Amino acid sequence: MSIINYGWDLDNSINRVFDDFIKDLNVARRGGNRTGVTNFNPAIDVHENENEFNIIAELPGLKKDQINVDVRDNALVISGELKQDEKHKEGNTHIRERRYGSFTRGISLPPNVKGDDISAKFENGLLELKLPKSAPTGKKITVQ
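Note that full-length UniProt numbering numbers the sequence shown so that position 94 is 94, with each residue one more than the last.
These aren't lab readings, by the way, just hints derived from the structure by calculation. Warning: the hint list may mix true and false statements.
To be verified - Straight-line distance between alpha carbons at most 27 Å, and here's what the computed DSSO-like set of lysine-lysine pairs gives: (1) LYS89 to LYS114; (2) LYS121 to LYS64; (3) LYS133 to LYS64; (4) LYS64 to LYS139; (5) LYS63 to LYS87; (6) LYS121 to LYS63; (7) LYS133 to LYS121; (8) LYS64 to LYS87; (9) LYS140 to LYS121; (10) LYS114 to LYS139; (11) LYS89 to LYS64; (12) LYS87 to LYS114; (13) LYS130 to LYS63; (14) LYS83 to LYS114; (15) LYS140 to LYS83; (16) LYS130 to LYS64; (17) LYS63 to LYS83; (18) LYS130 to LYS114.
Note that the structure is predicted; figures quoted are calculated from it, not measured.
Please put together the full structure from these sequences, using the hints given.
Printed below as a string of structure tokens:
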């Protein structure tokens with residue numbers, strides 16, 4: 001009977017788990033983020049019906065006065081800043097996965113959006129924007 005090594009070694013597996021944990025602690029102490037998540041870019045959903053477009057942006061942890069919504073150059077621009085929590089300044093932070101900092105998210109507007117009639121509502125960490133559509137325009141050209 002031969003012994004088959006399937007590549008599983010309990011000692012090595014345990015060592016890898018602890019090595020990864022220690023790396024996470026060391027990176028967090030330096031203020032970094034091992035997962036590489038550094039940009040704060042809010043997730044959005046865009047829905048459309050016959051009368052309007054609806055955009056929902058996830059902005060957890062923000063307050064209404066920390067959010068800006070502008071229309072510039074045929075684009076809807078959502079921007080703001082989520083400041084880092086100051087209550088844990090003292091001591092060591094072992095893991096930091098929440099995102100902080102400034103963000104800007106731009107969405108190109110289709111030509112049939114009434115830019116002057118866009119409305120925004122912020123509730124429970126969700127920004128909901130309603131972008132009403134304008135009536136289709138056009139002109140019949142008579143061929144002679």
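Query raised in the report: In ascending order, which of the hints set out earlier in this document are inconsistent with the structure?
Result: 1, 4, 9, 12, 14 and 15
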